[in-house]
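Here is how the chains run, residue by residue.
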Amino acid sequence: MTSPPIRSGSRRELLASVAVTSLLASASEAGARGYSGSLPFRTYSADPPRPVLPGAWVFFTQDEAVAVEAIVDRLVPADDLSVGGKEAGCAVFIDRQLAGPYGHSSRLYTQGPFLPGLPTQGYQGEMNPAQRYRAGLAAIDAHLKREKGRGFAALPAVEQDAFLTRLEKGEVTLPPGSGGAQGFFNLVLQNTMEGFFSDPVYGGNRGMASWRMLGFPGTRYDYRDWVSKHNQRYPLPPVSIMGAPEWSAR
Amino acid sequence: MSALRNTLAALALVVGTATAHAEGADQADRIMRGQYQAVLGDCMACHTRPGGAPFAGGLPLETPFGALVPPNITPDPETGIGQWSEADFTRMMRTGIGHGGRRLYPAMPYPAYSLMTERDIADLWAYLATVEPVANRVVANQLPFPFNIRLSMLFWNLLNFTPQPFRPDPAQSAEWNRGAYLVQGPAHCGSCHTPKTMLGADDTSQALRGASLQGWFAPDITGDPQTGIGGWSQEELVTYLRTGVNAHSVASGPMREAVENSTSRMNDADLRAIAVYLRSLRPAASPVPQPVAASEPRMRAGAAVYAANCAACHGAEGTGARQLFPALAGNPLVRQANAETLVHLVLAGSQGAHTPGAPTTPAMPSLAWRLNDAQVADVLTYVRNSWGNAAAPVLPEQVAKQRGGGDGMPLWPWIAGAAMVVCLVLLGLLAVCRRRRRPLAA
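Residue numbers (our numbering), protein chains in the order written: chain H, 1 to 250; chain E, 1 to 442.
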């Protein structure tokens with residue numbers, strides 16, 4: 001059942017030959033591409049991300065969305081430091097990500113063979129993230145309805161936390177294709193953190209809530225005037241890829 | 001038989017080269033001087049497509065009325081000016097009337113070229129005759145009716161243009177006069193920098209005080225301290241014209257082209273003369289407006305936009321980085337009455353001139369995707385009214401008008417004048433018809 005071990009010699013040879021080929025490739029490229037005159041430039045050229053607009057769910061069904069909003073609100077509960085995951089838009093972030101290239105693993109190799117990997121290798125199964133959410137959420141809903149007579153969102157917060165803890169410990173059975181309970185929990189936790197801390201242009205971190213909490217200045221890129229000011233708070237508020245409220249006077 | 005023929009041919013050749021040699025040196029000098037005249041007149045800029053054969057026809061000059069395409073002026077007999085005589089060419093440069101009596105639109109800057117000396121025009125002709133002939137038919141006049149009526153230029157010229165040679169000012173130095181000749185004549189700086197009258201002719205009372213080019217504003221280049229180059233030293237002005245960059249500013253857009261094709265190829269004596277002349281122009285100083293108060297909401301919004309979008313290159317205090325990122329503090333370009341260039345730079349981005357003296361071509365990124373109209377307006381209002389600058393605020397409506405516009409080909413405003421003349425003529429004709437009819441109706 002295990003794959004034949006790769007002889008280290010042949011592997012090193014392979015790596016060496018890759019290095020040589022890429023070296024050759026880059027060398028010939030450098031030779032072929034010489035710029036004279038001015039550097040390439042076009043007016044109006046920019047490649048900004050397409051901002052996520054608020055509105056109807058794109059990937060989630062209404063029931064799924066209610067469950068995910070409840071989950072992200074327990075992973076990032078509202079407290080005196082910041083708003084909760086739901087209000088910060090984490091579910092919207094995940095919804096739009098699952099509807100896009102991430103959800104469909106469109107940039108990953110997704111053909112077999114599918115072998116169980118090491119924990120450090122992450123998910124090695126057949127499903128893409130969109131399929132894992134669909135299957136995982138359905139299994140959780142079925143499980144809770146069987147056990148408690150209602151879905152995740154309808155549970156009191158204490159029971160929600162208890163269930164998520166069991167999920168994290170792998171004490172609930174989820175379809176193996178979805179990565180199992182632990183795998184699914186880690187996936188949702190990972191995506192929730194991404195939604196909470198990434199640029200608001202992607203739908204989460206609404207109002208730059210997490211950046212304000214941390215004092216992270218966002219997409220500013222020039223700190224020369226502060227380099228020598230030690231032990232002082234950086235005074236400027238955060239800025240997102242799409243701007244900041246301070247930019248608008250009207 | 002054949003040997004004899006060869007000898008004769010060889011003899012003919014020897015004789016031929018001998019005579020060519022006699023006047024060759026003279027002719028070669030003339031051609032070289034003519035080539036320099038073409039540089040001064042920047043004929044290439046209009047009459048050559050980017051990457052195209054020299055002088056074989058240029059890119060359309062877009063006007064609000066339609067396109068005018070600078071034609072093929074290589075000596076090709078079918079599609080160029082191979083059938084023109086030197087007299088045709090001289091008359092065209094002096095009066096705008098071309099081969100066969102065709103009246104040219106002043107998008108071809110003959111009102112400026114008409115000041116050129118007899119000798120300079122003759123040299124230019126000698127050079128143009130040596131250019132590689134290229135077959136490329138260009139239909140210059142792509143204006144719709146009634147603007148395509150070349151005869152309307154007769155009226156335009158009657159109203160706006162009296163051909164006359166350059167008249168030196170005996171009270172000034174030879175260098176000053178050389179500068180005046182270049183600026184007003186072959187280098188036609190005023191065709192961009194001088195505002196136009198209602199009829200589209202140069203408003204000579206406002207010479208070089210700045211004019212709109214549809215999407216760009218060619219700034220005041222007189223010695224005015226507020227809006228002109230009064231704060232630039234002689235050397236700084238020469239450096240700008242030679243390299244496109246100096247401690248104050250970087251040439252971009254239409255000026256980038258003027259520098260790359262023309263001023264960077266002028267000799268130092270001519271550049272110095274131009275600088276002496278421009279710096280001597282001291283028209284009534286522009287009024288210095290009250291700066292917009294820093295406490296105004298739009299100034300505070302502008303400051304926030306500036307800190308996040310501009311400060312990394314232009315410096316938190318607008319001091320820039322020498323030769324690379326122009327200083328915005330104390331920069332006359334920033335204080336022009338008209339903010340078109342500034343709006344264009346922020347929306348479209350821009351790349352500085354490329355010359356042997358400034359090969360780096362630093363660029364400014366387009367920010368149209370990130371800033372809305374009000375934000376562009378406010379950041380420019382802030383830049384125009386901070387660090388000692390003072391100028392009229394920029395309004396969001398102005399930005400909206402320019403947004404999405406292409407690179408803004410120079411508008412040849414005199415076309416507007418032509419249009420008006422055409423309308424006047426049509427109106428006149430109509431009036432005449434009416435009058436004729438009235439007795440009949442009565």
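What the hints contain is simulated information worked out from the structure, not anything from laboratory work.
Hints may be right or wrong, so weigh each one.
Residues from chain H that face chain E, not an exhaustive set, calculated with beta carbons under 8 angstroms [stated by the list, open to error]:
1) G37
2) S38
3) P48
4) V52
5) E64
6) F114
7) R220
8) N231
9) Q232
10) L236
11) M242
12) A244
13) E246
14) W247
15) S248
16) R250
Over the 10 angstroms line for every Cβ pair with chain E, so calculated as not near, a few chain H residues [claimed, not checked]:
17) L39
18) A46
19) G112
20) E147
21) E194
22) D222
23) D225
24) V239
25) I241
The C-beta atom is built at its ideal place from N, Cα and C for all residues, glycine as well.
Okay, the hints, checked on the actual structure:
no., hint, in the structure
1, G37, "holds (6 angstroms)"
2, S38, "holds (4 angstroms)"
3, P48, "holds (5 angstroms)"
4, V52, "violated (15 angstroms)"
5, E64, "violated (33 angstroms)"
6, F114, "violated (41 angstroms)"
7, R220, "holds (6 angstroms)"
8, N231, "violated (21 angstroms)"
9, Q232, "violated (16 angstroms)"
10, L236, "holds (6 angstroms)"
11, M242, "holds (7 angstroms)"
12, A244, "holds (7 angstroms)"
13, E246, "holds (4 angstroms)"
14, W247, "holds (5 angstroms)"
15, S248, "holds (6 angstroms)"
16, R250, "holds (6 angstroms)"
17, L39, "violated (5 angstroms)"
18, A46, "violated (5 angstroms)"
19, G112, "holds (41 angstroms)"
20, E147, "holds (50 angstroms)"
21, E194, "holds (23 angstroms)"
22, D222, "violated (3 angstroms)"
23, D225, "violated (5 angstroms)"
24, V239, "violated (5 angstroms)"
25, I241, "violated (8 angstroms)"
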